[in-house]
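Chains C and Y, in that order, give the protein sequences.
Take the first sequence: its letter number 121 is residue 121 in this note's numbering, and every next letter is one higher.
Take the second sequence: its letter number 277 is residue 1277 in this note's numbering, and every next letter is one higher.
Please note that the accuracy of each hint is not assured.
Said to hold, decoys possible - Each computed EDC-like pair below joins lysine to aspartate or glutamate, with the alpha-carbon atoms no more than 20 Å apart:
{"id": "1", "chain 1": "C", "residue 1": "342", "chain 2": "Y", "residue 2": "1180"}
{"id": "2", "chain 1": "C", "residue 1": "230", "chain 2": "Y", "residue 2": "1251"}
{"id": "3", "chain 1": "Y", "residue 1": "1061", "chain 2": "C", "residue 2": "31"}
{"id": "4", "chain 1": "C", "residue 1": "46", "chain 2": "C", "residue 2": "211"}
{"id": "5", "chain 1": "Y", "residue 1": "1264", "chain 2": "C", "residue 2": "225"}
{"id": "6", "chain 1": "Y", "residue 1": "1139", "chain 2": "C", "residue 2": "137"}
{"id": "7", "chain 1": "C", "residue 1": "226", "chain 2": "Y", "residue 2": "1251"}
{"id": "8", "chain 1": "C", "residue 1": "342", "chain 2": "Y", "residue 2": "1267"}
{"id": "9", "chain 1": "C", "residue 1": "287", "chain 2": "Y", "residue 2": "1427"}
{"id": "10", "chain 1": "C", "residue 1": "384", "chain 2": "C", "residue 2": "506"}
{"id": "11", "chain 1": "C", "residue 1": "344", "chain 2": "Y", "residue 2": "1180"}
{"id": "12", "chain 1": "C", "residue 1": "129", "chain 2": "Y", "residue 2": "1126"}
{"id": "13", "chain 1": "C", "residue 1": "133", "chain 2": "Y", "residue 2": "1126"}
{"id": "14", "chain 1": "C", "residue 1": "136", "chain 2": "Y", "residue 2": "1095"}
{"id": "15", "chain 1": "C", "residue 1": "129", "chain 2": "Y", "residue 2": "1122"}
{"id": "16", "chain 1": "C", "residue 1": "136", "chain 2": "Y", "residue 2": "1180"}
{"id": "17", "chain 1": "C", "residue 1": "548", "chain 2": "Y", "residue 2": "1272"}
{"id": "18", "chain 1": "Y", "residue 1": "1259", "chain 2": "C", "residue 2": "137"}
{"id": "19", "chain 1": "C", "residue 1": "230", "chain 2": "Y", "residue 2": "1126"}
{"id": "20", "chain 1": "Y", "residue 1": "1258", "chain 2": "C", "residue 2": "246"}
{"id": "21", "chain 1": "Y", "residue 1": "1223", "chain 2": "Y", "residue 2": "1070"}
{"id": "22", "chain 1": "C", "residue 1": "297", "chain 2": "Y", "residue 2": "1220"}
{"id": "23", "chain 1": "C", "residue 1": "81", "chain 2": "Y", "residue 2": "1095"}
{"id": "24", "chain 1": "Y", "residue 1": "1138", "chain 2": "C", "residue 2": "137"}
{"id": "25", "chain 1": "C", "residue 1": "548", "chain 2": "Y", "residue 2": "1267"}
{"id": "26", "chain 1": "Y", "residue 1": "1387", "chain 2": "Y", "residue 2": "1220"}
{"id": "27", "chain 1": "C", "residue 1": "119", "chain 2": "Y", "residue 2": "1251"}
{"id": "28", "chain 1": "C", "residue 1": "226", "chain 2": "Y", "residue 2": "1267"}
{"id": "29", "chain 1": "C", "residue 1": "119", "chain 2": "Y", "residue 2": "1095"}
{"id": "30", "chain 1": "C", "residue 1": "81", "chain 2": "Y", "residue 2": "1251"}
{"id": "31", "chain 1": "C", "residue 1": "344", "chain 2": "Y", "residue 2": "1435"}
{"id": "32", "chain 1": "C", "residue 1": "230", "chain 2": "Y", "residue 2": "1180"}
{"id": "33", "chain 1": "C", "residue 1": "226", "chain 2": "Y", "residue 2": "1245"}
{"id": "34", "chain 1": "C", "residue 1": "133", "chain 2": "Y", "residue 2": "1122"}
{"id": "35", "chain 1": "C", "residue 1": "133", "chain 2": "Y", "residue 2": "1136"}
Derived from the structure by calculation, the hints contain no laboratory data.
Predicted model, so just to flag it, every value in this text is computed and none were measured.
Next come the chains, spelled out residue by residue.
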Amino acid sequence: MKRRDFVGLTGLAAGALFLPEFPSFGGTPVDPARLLEPGLDVAQKKRLADAGLNAAKAAGATYADVRIGRYLNQSIFTREKQVQNLASGESFGAGVRVLAGGTWGFAATNNVSEAGIAKAAQLAVQTAKANSKVQKEQVRLAPQKGYGEVSWKTPIQQNAFEVPIAQKVELLLAANAAALANGASFVNSSLFQINEQKYFASTDGSYIDQDVHRIWPTFSVTAIDKATGKFRSRDALSAPMGLGYEYLTPKAADQIAGAAGTGLIYYKNSYDILADAALAAKQVKQKLTAKSVVPGKYNLVLEPNHLGLTIHESIGHPLELDRVLGYEANYAGTSFATLEWKAKGLPYGSKQVNIVADKLQPGSLGAVGYDDEGVKTKRWDLIKEGKLVNYEKIRDQAHIVGQTESDGCCYADSWDSVQFQRMPNVSLQPGKAKLSVDELIKNVDKGIYIAGRGSYSIDQQRYNFQFGGQVFYAIEKGKITEMLEDVAYQANTQEFWNSCAAVCDESDYRLFGSFFDGKGQPSQVSAVSHGSATTRFNGVNVINTARKIG
Amino acid sequence: MLSKDDAQTILKKVLSFSTADECEATLNGSTGGNVRSARNSISTAGAAENVSLSVQARFGKRSGLATCNEFDDASLRRCVQRAEEIARLAPESPEYVPLLGPQTYLASPGSFAARTAAITPDYRAEQIGASMALCEQKKLSSAGFFNDSAGFVAKRNSKGLEAYQQRSSVDFSITVRTADGTGSGYAIANYTDLAKFDAARLTRVAADKAASSVNAKAIEPGKYTVILEPAAAVDLLNNMMNAMDARNADEGRSFLSKKGGGNKKGEKVFDERVTIFSDPTNPDVPDLTFAGDGRPQQKVTWVEKGVVKNLYTSRFWAQKSGVPDIPPPGGWIMAGGTQSTADLIKSTAKGILVTRLYYIRAVDPQTLLYTGLTRDGTFYIENGQIKFPVKNFRFNESPVIMLNNLEALGKPVRLGGNLVPPLKIRDFTFTSLSDAV
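Using the sequences plus the hints, can you model the full thing?
Rendered as structure tokens:
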């Protein structure tokens, strides 16, 4: 059954204030003021968690963890001059995961009392024991020391929930007005805000209290040429970030000029939605009459707000160890980068390709102090000078690759979802030598400069991919010449990363983010960032996506 | 599971607590569970049971929603009060339309099966266990997902609207791979009634495809005649159906927008053998007979003999533009022929059989161009026979172009709440090869 069939009637209604067709983060609709009320204090959470841990042990669990989660969200949707939807949500409950008979069991409850959590713990043990009868592989956990009572908080300057809704609505409507004043036919804008207040306790002796914040302002501007019937869109060049509302107070120091001749402006740790909306409207009109690309091989110059998604799909996902091992075969897929492939020592990319996983990076979506199975987070190398050196893993996977510790990649999107391995922030390191975007382009004879996140698709083992973008410019003899349309590039992951010829320096480095990355059955979302500087890839196959219907 | 009378008793009480200008209450209940496997072993399992109430309160053009899952008088009263508080805080909606009054709904008793509602955790473990054992015997590796749900929806509002219906569903999908990872097969099914479910049959289909897809040959990408099995056709067709919104078309940003303004309703857009309709009373795909906002789901013809007959709309847009007020359908039915996929293969001189398409993403909404890849069983056909497995392809194709290049339609089968025929299409565009298995 399609999810919307069942969730549809109340699920949609639950999220919406006006219209039922907007995505919702779920939870119970609440008064926005509720988002600022404190949850349970740490002492209460510890008492509740201990009730769960004790019940699990008494029922025969050899390991248990309890997550008490309060997940808060607010989303605002507007179009042109009107608010379409405002929703504030709260979801509160506890999930208990246990090991019994060498098998995982999980149960969750929204009855957050000692009795409620103990009952969930017993149910989790019961499930683990039932499943252990048909289990072939016993779970082996990497050892993990307990941290005692600790806490972590996203280092935000302003909690977005403290900002009055009217002020946020005004900002979105002002962005819409800027787009309309510059010739847009339509504009939709939205603001997503998330706060995860999560408490983790385990039989290892950890009691971890965390307060995690994320934000994403975005829009899509559309221009229509009635005479020809042609329409085009240009989306925002913002990035979802692990920041507070300070992201929406633009600072000049955070603005980075795009390649000369494009007029593009990019953003680091703060975003000017008004300026970007005005520019988007101008660019979307140009897109209506831009030259259709001639297909062929081109040298591509990809800026970070575009390249982030390519990194995500062709490096971040194939190095998830659960995919490598086959646990996602029926849904998200497996990976070409198997243990056997790694052992061959073949180059993943050229020498310029240095990829790090980093759960600590400030401002990133994946930054937390500890993951959802109580492992302190860290930074580690995935690809060094083009060679695959490590994977992304959690406690029950480390032994499979002969390692003794988890990488801290465990995450659940809610208290009632079981935690499993998710992608950390995965980033391309900037070049060590000084190199600006214009210097990079100077050496490109025939190329295309691509900005922004567009259409994306990759196969289930992460070989063959196709990416579009938001805006495209032709590069001829070292210079940007004109805007192009109907561009998409197709490549093989290893060929593509081996064609990486140059990476700009640190001054061009910034984060791209994916707010709704899906994986697992039942499906869960997670948010993750990818940093890079503008990068050149040689001889990539570009196709023309224009078609004619009717 | 609340009965119709029990549900409406709660809803009447909810409405009696309301002081708003308009109030609508919806009860949604479901019980179900799932089990997931990989590497011939169970990886996760879960179960959930929930009944929740949502209350929508309106003062003038302001509206607010609240939900709860406790049904004593005090909890119900609090939920109504919360909806009213939120409504008072809300800005006026420029697209306000009043709540609907009493409606007449079709009956679709087949939408619920008691057998599905009675599924136990043991049953789920047995089914997935049997499926895993079958693969183990053949030295194949399976990854599967079994998910079931049964429940009801009940609705009532202050204008006199009243609705109640029960539903159930069973979903199963399985990917089977050879031990060396050089072959992969897939099967998927979805039913209302568990009686139709057969895990062993589906597992055998996936296992056979896995075994016969090893040593795939690379052939040049390009334009080929393809036979899309229903599991390969369903997502592209679903994407097209999801793009049949009247407002987007009227605003000029849809594949159904017309040059100079307006939409293509009444125009021939597809091959004349293309007919797509929805019918919530169809015994093979019984569905809810009311939409989320209470509008009746009737039998609606969307495309008839290639001509676009209807677009769906929001109530606001229907009133504003004076067009028929039709909600988007729950599922759709594409009329087909009597031939099986095997029959379509027999009549094909040269072509490619596609089991499944994967990672489908929009490339150009103007032409409804999509890209994605074949997966889990792609075969070359010559002189009416499957000759050998071929490497997977990336495609760039529009369902609109595809349904103009129609060679033949087979007998529709149920998938994802729709009835989907296997399709034989000429000049389907493959743009590159993939090494993925």
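Tested hints:
Restraint check for residue 342(C) and residue 1180(Y): satisfied, since their Cα atoms lie roughly 16 Å apart, inside the 20 Å limit. Restraint check for residue 230(C) and residue 1251(Y): the C-alpha separation of about 12 Å stays at or below 20 Å, so the hint holds. A distance of roughly 18 Å separates the Cα atoms of residue 1061(Y) and residue 31(C); the hinted pair therefore holds under the 20 Å criterion. At most 20 Å may separate the alpha-carbon atoms for a hinted pair to count; residue 46(C) and residue 211(C) meet this at roughly 16 Å.
Pair hint residue 1264(Y) plus residue 225(C) holds up; C-alpha atoms about 17 Å apart against a cutoff of 20 Å. With a C-alpha separation of about 16 Å, the suggested pair residue 1139(Y) and residue 137(C) falls inside the 20 Å cut-off, and the hint holds. Annotation: proposed proximity of residue 226(C) to residue 1251(Y) holds, straight-line Cα distance about 10 Å (limit 20 Å). Simply put, residue 342(C) and residue 1267(Y) have alpha-carbon atoms about 56 Å apart, too far for the 20 Å limit, and the pair is violated.
Distance hint between residue 287(C) and residue 1427(Y) is unfulfilled; the C-alpha atoms sit about 29 Å from each other, more than 20 Å. Between residue 384(C) and residue 506(C), the direct Cα distance comes to roughly 17 Å. Compliance with the 20 Å bound is thereby established for this hinted pair. The straight-line distance between the Cα atoms of residue 344(C) and residue 1180(Y) is roughly 17 Å, inside the 20 Å bound, and the hint therefore holds. For the suggested pair residue 129(C) and residue 1126(Y), the alpha carbons sit about 15 Å apart, so the restraint of at most 20 Å is met.
Restraint check for residue 133(C) and residue 1126(Y): the C-alpha separation of about 11 Å stays at or below 20 Å, so the hint holds. For the hint linking residue 136(C) to residue 1095(Y), the alpha-carbon distance of about 57 Å lies beyond 20 Å, and the restraint is violated. Proximity of residue 129(C) to residue 1122(Y) is assessed by CA-CA distance (about 12 Å); at most 20 Å being required, the pair is judged to hold. Restraint check for residue 136(C) and residue 1180(Y): the C-alpha separation of about 19 Å stays at or below 20 Å, so the hint holds.
A hinted pair counts as satisfied when its Cα atoms are at most 20 Å apart, and residue 548(C) with residue 1272(Y) qualifies at roughly 19 Å. For the hint linking residue 1259(Y) to residue 137(C), the alpha-carbon distance of about 61 Å lies beyond 20 Å, and the restraint is violated. Distance check on the hinted pair: residue 230(C) and residue 1126(Y) sit about 55 Å apart at the alpha-carbon level, beyond 20 Å; violated. Taken as a hint, the residue 1258(Y) and residue 246(C) pair is broken in the structure, with Cα atoms around 44 Å apart against an allowance of 20 Å.
In summary, the hint linking residue 1223(Y) to residue 1070(Y) is not supported, as the alpha carbons are separated by about 58 Å, beyond the 20 Å threshold. The suggested pairing of residue 297(C) with residue 1220(Y) holds, with an alpha-carbon distance near 18 Å, which does not exceed 20 Å. Restraint check for residue 81(C) and residue 1095(Y): the C-alpha separation of about 12 Å stays at or below 20 Å, so the hint holds. For the suggested pair residue 1138(Y) and residue 137(C), the alpha carbons sit about 19 Å apart, so the restraint of at most 20 Å is met.
At roughly 16 Å between alpha-carbon atoms, residue 548(C) and residue 1267(Y) fall within 20 Å of each other, so this suggested pair holds. Between residue 1387(Y) and residue 1220(Y) the CA atoms are separated by roughly 16 Å; this keeps the pair inside 20 Å, and the hint holds. Among the hinted pairs, residue 119(C) with residue 1251(Y) is inconsistent with the structure: their alpha-carbon atoms are about 54 Å apart, more than 20 Å. For the proposed pair residue 226(C) and residue 1267(Y), the alpha carbon gap of about 19 Å is at most 20 Å, so the pair holds.
For the hint linking residue 119(C) to residue 1095(Y), the alpha-carbon distance of about 46 Å lies beyond 20 Å, and the restraint is violated. A threshold of 20 Å between alpha carbons decides the hint, and for residue 81(C) with residue 1251(Y) the separation of about 16 Å falls inside it, so the pair holds. Between residue 344(C) and residue 1435(Y) the alpha-carbon distance is near 18 Å, which keeps this suggested pair within the 20 Å criterion. Proximity of residue 230(C) to residue 1180(Y) is assessed by CA-CA distance (about 49 Å); at most 20 Å being required, the pair is judged violated.
Annotation: proposed proximity of residue 226(C) to residue 1245(Y) holds, straight-line Cα distance about 19 Å (limit 20 Å). Only pairs whose Cα atoms come within 20 Å are accepted, and residue 133(C) paired with residue 1122(Y) is accepted, the gap being roughly 11 Å. A hinted pair counts as satisfied when its Cα atoms are at most 20 Å apart, and residue 133(C) with residue 1136(Y) qualifies at roughly 16 Å.
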